[in-house]
Structures are given as C-alpha cells and as structure tokens.
Amino acid sequence: SQTIHQWPATLVQPVGSPLSLECTVEGTSNPNLYWYRQAAGRGLQLLFYSVGIGQISSEVPQNLSASRPQDRQFILSSKKLLLSDSGFYLCAWSVRGGASNQPQHFGDGTRLSIL
Amino acid sequence: AQSVAQPEDQVNVAEGNPLTVKCTYSVSGNPYLFWYVQYPNRGLQFLLKYITGDNLVKGSYGFEAEFNKSQTSFHLKKPSALVSDSALYFCAVRDVGASGGSYIPTFGRGTSLIVHP
Numbered sequence: 455s456q457t458i459h460q461w462p463a464t465l466v467q468p469v470g471s472p473l474s475l476e477c478t479v480e481g482t483s484n485p486n487l488y489w490y491r492q493a494a495g496r497g498l499q500l501l502f503y504s505v506g507i508g509q510i511s512s513e514v515p516q517n518l519s520a521s522r523p524q525d526r527q528f529i530l531s532s533k534k535l536l537l538s539d540s541g542f543y544l545c546a547w548s549v550r551g552g553a554s555n556q557p558q559h560f561g562d563g564t565r566l567s568i569l
Numbered sequence: 019a020q021s022v023a024q025p026e027d028q029v030n031v032a033e034g035n036p037l038t039v040k041c042t043y044s045v046s047g048n049p050y051l052f053w054y055v056q057y058p059n060r061g062l063q064f065l066l067k068y069i070t071g072d073n074l075v076k077g078s079y080g081f082e083a084e085f086n087k088s089q090t091s092f093h094l095k096k097p098s099a100l101v102s103d104s105a106l107y108f109c110a111v112r113d114v115g116a117s118g119g120s121y122i123p124t125f126g127r128g129t130s131l132i133v134h135p
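Protein chains in written order, with this note's numbering: chain Y, 455 to 569; chain Z, 19 to 135.
Pulled out of the complex, with its shape left as it was, chain Y reads as follows (with noise of 0.2 Å):
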C-alpha cells in the first residue's frame, strides 16, 4: 500500500533562519505531488505541484520554494523565513496525469512556528 511521510512534526525556527521540509511516498510511482500550506487551522492554500522530477509550478509569489529531486522526494525550501511563513504545512500525492478523479493523499503535516 501506499504511504506518505512528512518530517519533522514540529518545527520552531527564529526569523531568517533557513528552512527544509520533507516529504516522502512509497509504494507508488510518478506521483503528482503537492504542498500546501494551513492558517489557522483552516483553508488550504496550494504552495507547489510537481508532475515530475524537476517539475515545479508555483501557485502563490513568496519566500518558498520547492524541489523534487528524486520521484517520490518532494522538499519544501526557505534561505530566510519570515514570521507568516509559520502554519501547518501538508504534502500530498495523488495519481499521475489524467485520472483526475482520484482523490489527494495527505501526509500528517508539519507544524513550523517562526520566532
């Protein structure tokens, strides 16, 4: 079956210090792969898609960027982050290409609090 992981759980970094989140599948391969990010416990605001290795499309202008070096690797980045960078940030996978009617698969997220 598949699984998605995400780490750390928590995270408390001060302001303008870097940043690296990461995220992990398996048990599937050439996943779409997704970040978002959640205020407040609330709405979801997409961050980065990814269809493939080196593929990245960035939904909202910011501080943040995204890489995926390896299929099933998806790495949420900052050099300097700012006090809104803090949140709940979920990655999330779901099947390759045109099956849009299967559903997101989502890890447990992130919670990073900036200082």
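It is worth saying that the hints were derived from the structure and are not from the lab.
Treat the hints loosely; a few may be bogus.
Between beta-carbon pairs, the in silico distance windows are [said to hold, decoys possible]:
| no. | chain 1 | residue 1 | chain 2 | residue 2 | range |
| --- | --- | --- | --- | --- | --- |
| 1 | Y | Ser474 | Z | Asn35 | 45 to 53 Å |
| 2 | Y | Lys534 | Z | Thr90 | 41 to 49 Å |
| 3 | Z | Leu74 | Y | Asn517 | 40 to 48 Å |
| 4 | Y | Gln499 | Z | Asn59 | 48 to 56 Å |
| 5 | Y | Ser521 | Z | Glu33 | 40 to 48 Å |
| 6 | Z | Arg60 | Y | Ser521 | 24 to 32 Å |
| 7 | Z | Gly80 | Y | Ser538 | 16 to 24 Å |
Derived, one-sided and incomplete: chain Z residues facing chain Y with beta-carbon distance under 7 Å [said to hold, decoys possible]:
| no. | residue |
| --- | --- |
| 8 | Tyr50 |
| 9 | Arg60 |
| 10 | Leu66 |
| 11 | Ile69 |
| 12 | Lys76 |
| 13 | Tyr79 |
| 14 | Arg112 |
| 15 | Phe125 |
The following residues of chain Z were derived to be distant from chain Y, with all beta-carbon distances above 12 Å [what the hints assert, rightly or not]:
| no. | residue |
| --- | --- |
| 16 | Gln24 |
| 17 | Lys40 |
| 18 | Asn59 |
| 19 | Asn73 |
| 20 | Ser88 |
| 21 | Ser98 |
Only a predicted model underlies this, so the values are computations on that prediction, with no experimental measurement involved.
Positions of the beta carbon are idealized from the N, C-alpha and C atoms, including for glycine.
Model the placement of chain Z on the given structure of chain Y, informed by the hints.
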C-alpha cells in the same frame, strides 16, 4: 473556473442525531467531488468521492454524500453522529472538462463539526 463553497463555519449536532455538512460547487463542465476529514494536528483523510452514476455515494466511517446537479450541491451526511466524528471537514471539486492543471482540486474553507455527547 472551478469553485466550492462551504457555507457553514461550524455545525453542532447531538450524538445520535443525523448530521449534514453542506457543500456547493461551480464548474464549467461536469464535476468530480470529494470529501475529506481532518482531525487535530493530522493531515486530511479521504472520505468519499462522486465521479458519475448513483447520486448517493457511500464512504468511510458511515458517511455518505448526495450529489444534486440541479442545485450544484454535494452535502455530506451521516444518519447517527458520534462524538468521535468531531473534526474539520473539507469539500473539494475538480472540473472534468478543464485542461492543463485540471488534476488540481479546489478546496472549500472547511466546516468544523462538533458532536455533543
């Protein structure tokens, strides 16, 4: 363009009573519709989906949803609520007819379901 609305921020129901969490959508073509549940400090879990066919869709944990094309709605229901059903519920839509990034769904803002003992 596709959009989805969850008109209620919070729904309160007594344990054992039926529950309904509302969702309406807008798409240019036909919709794929999804419901997810999120427990505190966890990711979203898929509950059920509507693709085509029977308007009443059954999913996990005793939940079901009714697709109504004329009202562009996809309300989530359960005949008898449990305290453990208390969570945040998200509706999502994909437009079947869209091209490009059509595999990316649009999520509602979420509805907090509180089931009282």
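Here is what the structure says about each hint:
Judged by the Cβ atoms, the range 45 to 53 Å given for Y/Ser474 and Z/Asn35 holds: they are separated by roughly 46 Å. Checked against the hint of 41 to 49 Å, the C-beta distance between Y/Lys534 and Z/Thr90 comes to roughly 44 Å, which is consistent with it. Taking 40 to 48 Å as the suggested C-beta distance range, the pair Z/Leu74 and Y/Asn517 conforms, at roughly 46 Å. One distance hint, 48 to 56 Å for the beta-carbon pair Y/Gln499 and Z/Asn59, is violated here, with the actual separation near 18 Å.
In this structure the supplied range 40 to 48 Å holds for Y/Ser521 paired with Z/Glu33, their Cβ-Cβ distance being about 46 Å. Checked against the hint of 24 to 32 Å, the pair Z/Arg60 and Y/Ser521 passes, with Cβ atoms roughly 25 Å apart. Hint check: Z/Gly80 to Y/Ser538, Cβ distance near 40 Å, so the stated range 16 to 24 Å is violated. The interface hint given for Z/Tyr50 is met, as the beta carbon of that residue sits about 5 Å from the closest beta carbon of chain Y, less than 7 Å.
The beta carbon of Z/Arg60 comes within 5 Å of a beta carbon in chain Y, closer than 7 Å, and the hint placing it at the interface holds. Contact between Z/Leu66 and chain Y, as hinted, is not supported at the beta carbon level, the nearest pair being about 9 Å apart and thus beyond 7 Å. With a least beta-carbon distance of about 5 Å to chain Y, the hint placing Z/Ile69 at the interface is held under the 7 Å criterion. With 7 Å as the threshold, the beta carbon of Z/Lys76 stays out of range of chain Y, its nearest partner Cβ sitting at about 15 Å, so the hint is violated.
Evaluation of the Z/Tyr79 hint against chain Y yields a violated restraint, the C-beta minimum of about 15 Å exceeding 7 Å. Here the hint on Z/Arg112 is kept, as its CB sits about 5 Å from the closest CB of chain Y, short of 7 Å. Taking 7 Å as the C-beta cut-off, the interface hint given for Z/Phe125 holds, the closest approach to chain Y being about 5 Å. A beta-carbon of chain Y comes within 12 Å of the beta-carbon of Z/Gln24; the shortest separation is about 9 Å.
At the 12 Å boundary, the C-beta of Z/Lys40 stays outside the reach of chain Y, the nearest C-beta of that chain being 16 Å off. For Z/Asn59, the shortest C-beta to C-beta distance to chain Y comes to about 7 Å, within the 12 Å cut-off, and the non-interface label is violated. Here Z/Asn73 stays apart from chain Y, with its beta-carbon at least about 16 Å from theirs, past the 12 Å limit. Interface exclusion of Z/Ser88 from chain Y stands, the closest Cβ pair being 22 Å apart, more than 12 Å.
Non-interface status of Z/Ser98 relative to chain Y is upheld: no Cβ of that chain comes within 12 Å, the nearest being about 25 Å off.
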